[in-house]
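*Asks:* Could you fit the two chains together into a complex? Lean on the hints.
If you read the sequences in order, they're chains Z and C. For the first sequence, the residue numbers in the working numbering are 9 to 575. For the second sequence, the residue numbers in the working numbering are 3 to 275.
Calculated from the structure, these hints are not laboratory results. Heads up, some of the hints might be wrong.
Stated by the list, open to error - List of simulated lysine-lysine pairs, DSS-like, C-alpha gap at most 30 Å: (1) C:259 <-> Z:364; (2) Z:422 <-> C:82; (3) C:259 <-> Z:200; (4) C:103 <-> C:75; (5) Z:386 <-> Z:484; (6) Z:85 <-> C:49; (7) C:237 <-> Z:364; (8) C:82 <-> Z:342; (9) C:174 <-> Z:92; (10) Z:487 <-> Z:92; (11) C:75 <-> Z:85; (12) C:37 <-> C:85; (13) Z:162 <-> Z:267; (14) Z:91 <-> C:22; (15) C:237 <-> Z:85; (16) Z:92 <-> C:75; (17) C:82 <-> Z:364; (18) C:103 <-> Z:85; (19) C:37 <-> Z:91; (20) Z:91 <-> C:46.
As the list claims (entries may be wrong) - Computed from the model, here is a short list of chain Z residues facing chain C with C-beta under 10 Å: (21) 82; (22) 83; (23) 84; (24) 85; (25) 341.
We put the CB at the ideal spot given by N, CA and C, even for glycine.
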Amino acid sequence: MEYIIKNGIVYDPLNGINGEKMDICVKDGKIVESVSDKAKVIDASGCVVMPGGVDSHSHVAGAKVNVGRMFRPEDSKMEIFAKKGLRTGTGFSVPSTYKTGYQYCEMGYTTVIEAAMPPLIARHTHEEFLETPQIDKAAMPLFGNNWMVLEYLKEGDIKACAAYVAWMLKATKGFAIKIVNPGGTEAWGWGKNVHSLDDPVPYFDITPREIVRGLAEVNELLGLPHSIHVHPNNLGHPGNWETTLETMKCVEGIKAKPKVGERETVYYNTHCQFHSYGGTSWKDFESKALEIAEYVNKSKHAVIDVGQVTLDETTTMTADGPMEYDLHMTNGLKWANCDVELETGSGVVPFIYSPKGPVYSVQWAIGLELFLYTNTDKVMLTTDHPNAGPFTRYPRVIAWLMSKKYRDEWLYNKVHKWAQQRSHVADADKEYDLYEIAKITRANQAKVLGLSETKGHLGVGAEADIAIYEIDPEEKDGKKIEKAFRYAKYVLKGGEVVVKDGNVVKEMFGDTIYLDVQVGEELMKEVLKDVEEKFRRYYSVNLDNYPVSEEYAHSWRPIKIDATDIN
Amino acid sequence: MKELILTLQKEIIVPVEMDKVLPEVIEKMSLEEIKNIELVQGRKRVKLDDIFDVELNDIEGEPRVVIKNSNQKLKYIGSKMTKGEVIVEGDAGMYVGAEMKGGKIVVNGNADSWAGQNMKGGELLIKGDARDYVGSAYRGDWRGMSGGTIIVEGNAGNEIGEFMRKGVIHIKGDVGIMAGIHQNGGMIIIDGNADVRVGGEMKAGAIIVYGKVEEVLPSFKFEGIVENPIIKLSKKDEGTPVTGTFYKFIGDYVNRKPKGQLYISVDSNPDLI
Ligand SMILES: [Zn+2]
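Extracted from the complex, chain C is given alone in its bound form (with noise of 0.2 Å):
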């Protein structure tokens, strides 16, 4: 199988679309023609080889893309791939791995907003912080993630999981405001604190606090502590163990009938009830 390797040669100003440059794409191209992929950058097209160093090698296994010297300046990277491997070493831009299906994406550093957008399976691993909507709903869309997992090893920002329907989020530091704002299923971890309004509007799935809520919004009903729970998202799941002590609300009361599920840590919240 195939590696590529991209070396960006110098910053760049204006951002360029990545989303040509996918590991079942280069699987079957040669190095010229992989040389001579067009991408987008503002209104303007460059080839490959105009803002990058090409290298090809074959591998074992999977094929594989990985991204030197990146920032934040490369918008779309892995987005809609299906397999194989993406490496980032640096920053990734907006769009990581949006409506990704399939293959791993390793970000060596921090991502912008909207990493994993409608993602449908697949993993995305960002090692540093993550800014607003990881893993949220199209701008507009009510038909959010539908399926993947999501880490990030830092913070991320605002309204992460946004209309997320199934899969997992898991962040292993801080959240902003918002948190899994009109959820409809899946599963979102927060390692660290959550600011105001966790949860809000939510219909179905689960969302895990370890550390310290701002607040609990008054339209979520407590349903009393529970030690280890194995939370259940369908009556066919077999359910998920989670160790620790929560306080368990059910909400949003927004919505006519909700079924989401809010757990927050007991030890990081001894005044919240």
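Bound-form chain Z, shown alone (with noise of 0.2 Å):
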């Protein structure tokens, strides 16, 4: 099948193209250089067009995402997705899979990272990725906490480590090193926590700053196409901003050394908004984003997304098992919690975040600041679906950058005055253009997670993942910001249109994408008597029923990387 998409205003940087009128022509599932006069047209006239885009954070398939849904069934009653040939579904912030992928894709995306796969529950992520249309998927394991990760590394054996990550990803079909709270998802198994960077684990007396720059010397030596990818102590806590700075800080003088990809960067702050908090409690909080955004914009290893508060009623949940008790012993909801044998554990709680509570409104300052502040080749958008909102809020969230006067219309009307007098986002009037929002919604991504050969693009031999929006250039109405990027015009999904007016008009799955990581033959034995010596005295399930198996995706992409040279 060939197309050629015409007359549409093309956004695409990492080629450069800043808002050029320009033909974009597809054939087979790539983008081509030309196509014969038998093609398609897709006519784009006064509609911009940019690659499909990639969320690089968002919790969408696995255990933790499937007890949200379990235990709200009253989120699932919020919204009702029932189209004519597609599956139904249900559920605002913790959507059901079905609704999950359509939605991603009406908003011309096309790919999608599930930030958090417990190892031991991968089975169950990719079994969702098995249900999710539209998209293309990963996951990435947890490591941050890991017994055996913490055990190598506290011996120094980065090689070991390497050797057993590598081991891992295959194992579970995973795509990246996720660590979250360092050490401390281990101390809330004996019913504590970690506060700094050198407060030790109990039992493993290893702290978070040697796990993450262990865990970024393994990565680094693996060569790995994405990063290693964090979310620090202290998530949430009034005065963390610090806590964010060191840990960024602690793996300065690492350089990148990806195997595959463009990336530049070693470290990868999931949810930045979370740690950029100042104060001493909720009394005195107030915003450090500009301090967290100055740090970022000269450092050369490091890159944020921002998880931007969206002031809806949502659902929480992270591997950060204490942080949920926190939250729960705050807010009074409901809350689950889970420890994952060896490896990690997890927390789920209901949260609203109002707009006139004083907090949430700070937290939503500090997101956009976050934003307005930050050089906008370092930062993207996520919302830490759904633990700051739901991913289908992203297009207000681009309606609030793109129009000062829409942001203030918030600001002004709709939020608490504690975002206006803790933060500085009233100070700011910066507005983004589309070629700043197609960077932060998808180009960003791509390199920082090693995909940009084919994705994040619209060169000739990337992948035809294509999002026609329409909208003009410049558009300041917020409603009709928010509007265009939630339903697409037209999105293609490797070269076939998938979306046209915003509806969903043909169904498909995308692949799931893992690393397959050689390293020398001589280590890995070594390292798997160690697998095997831990799985034979403390894991409840036997070590041949643990890898994913072949048949848990509709199609595999592996990105085979070359580690033989680590012996």
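*Replies:* In structure tokens form, the structure reads like this:
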């Protein structure tokens, strides 16, 4: 099948194309130089054309997402998806899998990374991927509280740790190294937490600093496409900005050495909004977003995604077990808690970010500040779906960024005055243009994930994942911006039209991306002995039943990494 | 004003949702329009006059819907209604009066579970028995009934008034387990007996039991015996006078600083303490 997308205004940051009227040719699922005169014409006049959206951090599949669905029937009732020819679905903040896929697709997103996969429950994550249509997906296994990682790093055995990570990525069909509250979730198993980078983890006697630094070294030794993906300690606590900066600093000096992709950074700080808090309590709580943005801007090694609070009723879920307990004690709402043997833990709590709440309003402002004051090459749009709000609110976040008028309407009329008093969001005159929107919703993600060879751009050879939005580049009407990005005019996935006028017109299943990393055979043999020992002594499952097997995807897309030089 | 009389033509197997047939809706419609109202039945839709004989009369006063030959396959009767009257001749299915804001529903028969779920105002009168979750919250929600009055002349099932915040539930017969679970306001009056765990995890509001209780949870604190108490639900509340002699408990102390009041008849439970 051939297509030619005519007369659209193209925004393709990875190729430096900033609002040029040009045609895009598509053949056999790829973007090509030219097509024959048999190509179907897609008229994009009056529209903008961007690469398909890439979400680098979202909780869409797996055990804790499903706990959220199960223990919040009242959330299911809030939004119902029923369109002819498509599977029905429910859920506003924790939508069912089909609804998730369809709605991402309606917004022009074509690739989504599940942000936290407990290795032991990898199968559940992939099972849900099997039922999530329209998008390519990948999942990041959790390593920051894993017993074997803690032990190898304590011993200073970076190579063995690297081999273990390689084995785990393949066994769980995982994509990158995710670190959540390093050491803190393990401490939670003892009813404790860690509160600073040098707070030792009970029993293991290793510090968060050693965990983060160690895994960053492992990541670059293996040459993985993505960097370490970090949710630092003290999430959501007033005064945590210092921990955040210290964590960013603790990996300074490590060089990015991806064997695949064009990544230049070694540190990805996710949902930075939750980590940019000043003050000592909720009473003197204030924004430290500018301090964080300033550091990120001058540091080559770090990028952030924001985790923008959207001021909705939502569901929080994270592998940061102790944090969810704190949250439950704060808002008094129901709480689910889980320990995953030897590996990690998690918690789930509903949360209502009321616009009239002083603290929530500051959280909202902090997110916007991070967008408005960070170099747009170093920041990415997320809501840490569904923690700070559901992904279906991305269009509203885009509208806040593109229109100061719309932003101010919220700032002065809808949210609590603390947002003006305790942040600098009111001082920011910046308005994003569409080139910058394309950066923070697809280009930056593709690059930092190491997927930019074929994703996040519209150059020849790229996957034909394309989003076409009906919007005037100068549009300042918030509602219109929101509508245009919520319901794309057209979306192409793998070279086929899957959305037309905001409706999914073709159901299809994307690939599941994972890393297939080979390290030296001898080293792997040694490490496997340790793995077998751990399973024999501690795991409640058999090693043979642990790896995710071949039937767990519609189509696997392995990224092969040769690290056999690690012996 | 208008009176709509619906007579169910025959037994139905798949339940029908009646939430489109409300007094305030039919008030503005012609007979033809009313006959063509689409109702959800399972995964299909039916027209009102496919399953009912439809009669429309002019009457004095508020608009009224009468459902004759009703049974428990008719769900969501009077759901979200704001005014007028709904009269059910026969039984009502699940969710009768769910989320109702005003007006009155009379069920001249029994009601299935979830009667008056998340009710906000108005009056729901059930002349027979009601099953579980009378005046409860939507499943999973912690924001329950916020106003109105529910009266059940017969017995009621388990977990009545779950997460209730305001309003009154009066059960003239017996109730099952966990009446007033998670209650956070409002008043539940039980004329008959109550099974175990009355007021479990309640934080505020009051429960009055005239009949026999199976037990009082150990996390309730005995305050003494009171005679003809005037029950106040807040500082500003003028209070509701209640006749009789009661053991008064405060709870449930599984919560911090609970203000839930539990009154249990001394006459019916002479050996309770
Ligand atoms: Zn997250």
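*Asks:* Which hints, by number, does the structure contradict?
*Replies:* As far as the earlier hints go, 9 and 15 are violated by this structure, in ascending order.
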